[in-house]
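Asks: Each chain, letter by letter, is given below.
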Amino acid sequence: MNPSTAGSQLGQPNTTAIVFFLLFVGITLAITYWAARRTKTTSEFFAAGGNISAVQNGFALAGDFMSAASFLGIAGLVATSGFDGLIYSVGWLVGWPVVTFLIAEPLRNLGKYTFADAVAYRLKQTPVRLSAAVGTLTVVIFYLIAQMVGAGNLIHLLFGLSYEMAVIIVGAVMILYVLFGGMIATTWVQIVKAVLLLGGASALAVAVLWKFGMNPAALFSEAARMYGPEVLAPGKLVANPLETISLGVALMFGTAGLPHILMRFYTVPDAKAARTSVFYATGLIGFFYLVTFVLGFGAAVLVGRQGITAVDKGGNMAAPMLAEVVGGTGFLGFISAVSFATILAVVAGLTLSGAAALSHDLWSHVVRKGHAPESEQLKVARLASLLLGVLAVILGVVFKGQNVAFMVGLAFAIAASANFPALLLSMLWKGFTTRGAVASMLTGAFSAVLLIFLSPTVQVELLGNASAPFPLKNPGLVTIPLSFLVGWVVSLLSPEDEASRRFAEVQHRMHVGALLPPPVVTPPGPAGSVPPGIPEAPRKV
Amino acid sequence: MYGNSKDDVLKALAAARWRVAGALTVAMLVTYLGFILLVAFNRPLMGRQLIPGLSIGIVLGAVTILVAWVLTGIYILWANRKYDHVLDELRR
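For the protein sequence lines, the chains are W and X, in the order given.
Heads up: the first sequence at position 422 corresponds to 418 in our numbering, and the numbers run straight through without jumps.
Heads up: the second sequence at position 46 corresponds to 616 in our numbering, and the numbers run straight through without jumps.
I should point out that these hints are in silico values taken from the structure, not numbers from a laboratory.
Incorrect hints may have been included.
[As the list claims (entries may be wrong)] Below, computed lysine-lysine pairings styled on BS3-like, alpha-carbon distance capped at 30 Å: (1) K576(X) x K426(W); (2) K232(W) x K576(X); (3) K268(W) x K652(X); (4) K365(W) x K120(W); (5) K576(X) x K268(W); (6) K652(X) x K581(X); (7) K581(X) x K120(W).
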C-alpha cells in the first residue's frame, strides 16, 4: 500500500469519471424524456400518479436521504475522528422508524401532494397552508444552499472543474429532470442513483475488507494500532452531552418533517405500500451507514489521516481517495461520478417539494382557493420548479465558501420544529385548531432560525464573536418542545368547533383511507388519475 | 351508511394502532437515548474492546441501527397481519 497522495489523480479531469458521469446524465435524461411523455396531470407531476411500488419507493426514499454529504461527510468524519462518525450515522437513521410508526400511513391516507394537505384537512385552508409553505420553503432553501455549495466544492476537488461551473451544471441538469419529468423522472433518477451509490460503496467496502481477511474487527484494530485505541471510543464531538442530545433529537424528528421525504409517501398507491417502503428504506440506509463506517476506517488506515486532511480539511475526500488506493484511477472516477450524480438527484427531489408547496399549497389553495384548472396548476408547478432551480444556482454561487454544516443543521431543526409537531398534533388531537397549527408552525420555524443565529456556529465560527448568547449549536432540544407547547396552548385558547367536529372524519380517513367513506360510487377515471374521494377544496360538512 | 358497530370497531382499531405505534416509538427513543447517554457519559465503557478492534461503542452503535430496523419490521408484521385484516373487514 502506498499511503501517499503524491500520485493522486484527484482534482484532475479523470476520463473514467467523465465517461461515467456522462453515462449517468445520458441515462437519466432518457428517463426524463420517457417520463415527460407520461407527465400530463398534477398527480403525475407531483406524485408520479401514485404508481410507484413499495420497493421502488424504498430505494427512492433511501436515495433522497443518502446525500453526498452523508456519504462523503460521514466517511470523512470517521476517517479523521474515528468512532464519532458513528454517532451521526445512528442519529440519521433512528428517525426512520418514527416516520413509519407515526407519520407514513396517516399522511398517505389524508393527503394528496404535500404534508400541508394532512395538517389542513379539517382546519382553515388559507392560514394553515400559508404557514406550512413558509416552513417548507425555508427548509428547502437552506437544504438546497447546503447541497449546492457542497456540490461546488466537491466537484471542484473531484473533477477540477471551477466552482461556478459545477454549480451551474448541477442546476441545469436538475432543472431538466424536474421541469420535464416531474416526480416520475425524479423518482427514477433517485432509484438509479441509490443503486449506484449502494453498489459503489459496497464494492469499495469489500475491496477494503479483502485486505483484512473480510474481518471488520481486524480493520478497526489496525486503526487503533495506528492512531491509538481512543479512535474506537467517543471523542471530542461529545464534549458537551446536551449538544449531542439536541443534535440527536433534531436528526430524529427532522426526518419526519423533511418535505421532500414526506412527499414521497404520495407516490405509492396506498398506506400499506407507504408503510412497507419505509421498511426497505430503513434497511438500505442502515446498511449504507454501516458500510460508510467501514470506509472511514479503511481510509484512515489505507490512505492515512494526513493525506486526507492535506487535500480537504473537512476530510470529505476520504472515500474517493480510498477508492483510488484500492482500485486505481478507474475506481476513483466511478466514485466521483456517483457522488456528482447523488447531488443531482437530491437537489431534484428538494426542488420538486418546494415547487409543490408553491404551486399546490400557495397558488392552488391560497390564491385560487381550490379553483385552479389542472392545466394552470401544472403550468404554475413548472414555473415554480424553474424559479427554484435558478434560485438554487444563484444562492449556490452567492454562498460560495460558506460553512454549509450549519445550513444542514438548520434545515433539520426547522423541519423538526416547524413541520413535525403540527403534523403529529393534527393527527392525534381532537382539540387542535387552525390558530394552534399556525402558531406551532411559525413558532417552530422562527425560533429555530433565531436560535441558530444566536448559536456558537453563527456567532463564534462565522461572525468571530467571543461567545454566543445561546449555548447549543443545534436548537432542537428547545424548539421542538416549544413548538408542541405553543400549538397546544394556542389551541386551548382558541377552540374551533368545526375542527373538532370533523376529527371523526379525519380519524376515519387516516386509518381507512379514501376508499371507504361509505358507498361512494367510484367513477372509473383514467389510469393514474387521482383516487376518488380526495377533497380538492375544503369540504363543507 | 355504516352503523355504530363499524364505528366502534374503527375506534378500537385506531386506538390499537396509536398504542402499538406509541410503544414502538418509545422503544426506539429509549434505545437511541440509551446509546447517546452512554456515549455522552461513559466514554471508558464505550471504548472497552470485546475482541481486539471491536469496542463496545461500535457494537452498540451497530445494534441501535439493527434495533431500528427490527422495530420497523415488527410494526410492519403487526400492521400487515392484524391491522390490515381488520381494515379489510371494515371495508366490506
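Asks: Mind checking the alpha carbons of K581(X) and K120(W) for me, to see if they're no more than 30 Å apart?
Replies: Distance of about 25 Å is within 30 Å: holds.
Asks: Taking 30 Å as the top limit, are the C-alpha atoms of K652(X) and K581(X) close enough?
Replies: Judged against 30 Å, a Cα distance of about 15 Å means the pair holds.
Asks: For K576(X) and K426(W), compute the direct alpha-carbon distance and say whether it is at most 30 Å.
Replies: At roughly 20 Å apart (the allowed maximum being 30 Å), K426(W) and K576(X) satisfy the hint.
Asks: CA of K232(W) to CA of K576(X), is that 30 Å or under?
Replies: 57 Å, violated
Asks: Can the restraint linking K576(X) and K268(W) be considered satisfied, given a maximum Cα separation of 30 Å?
Replies: Holds. K576(X) to K268(W) sits at ~21 Å (cutoff 30 Å).
Asks: For K268(W) and K652(X), compute the direct alpha-carbon distance and say whether it is at most 30 Å.
Replies: 12 Å, holds
Asks: For the pair supplied as a hint, K365(W) and K120(W), is the alpha-carbon distance within the 30 Å limit?
Replies: 11 Å, holds
Comparing the model with each earlier hint shows a violation of hint 2 alone; every other hint is respected.
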